[in-house]
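Count the sequence shown with numbering that gives the first Met the number 0 and you get residues 0 to 105, in order.
Hint data in this document are derived by calculation from the structure and do not stem from the laboratory. Heads up, none of these hints are tricks.
What follows is a list of derived Cβ distance ranges for each label pair:
no., residue 1, residue 2, range
1, Asn88, Gly22, 21 to 27 angstroms
2, Asn55, Asp79, 34 to 40 angstroms
3, Asp46, Arg8, 29 to 35 angstroms
In silico DSS-like cross-links for lysine-lysine, where the CA-CA straight-line distance does not exceed 27 angstroms:
no., residue 1, residue 2
4, Lys75, Lys6
5, Lys66, Lys49
6, Lys75, Lys49
7, Lys51, Lys66
8, Lys6, Lys58
9, Lys66, Lys6
Even for Gly, the Cβ is constructed at its ideal location relative to N, Cα and C.
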Amino acid sequence: MDYSQFKQRREQELADMVAHFEGEHQDAYLDSERIPTIGIGATTYEDGSKVKMGDNITKQRVDELFKFHLDRATEKVRNDPGFQQLPPNAQAAIKSFAFNAGPNFM
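Given the sequences, and given the hints that come with them, work out the whole structure.
The structure is reproduced here in structure tokens:
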């Protein structure tokens, strides 16, 4: 397995881990803070509009929305030299934290 395959596998494992702990919902629900949420922890869509109770999305949209929010949440840390030097497991942990804390946690 070359490095790019390893990295891709690591990214999928991260996505699977976050999905496992967040849960995956095609119908909007109220999270623990009573905020309408859908997919894998999404409270907004790509355009910034808020999830509303009654919203429903396909499995494909769950995946697309998750990728958008994960990429947005981790974009600041991905390019940090210190982050790049961390082992893959530590990078995955930081990405998971960033996803839960939001894109402005730094």
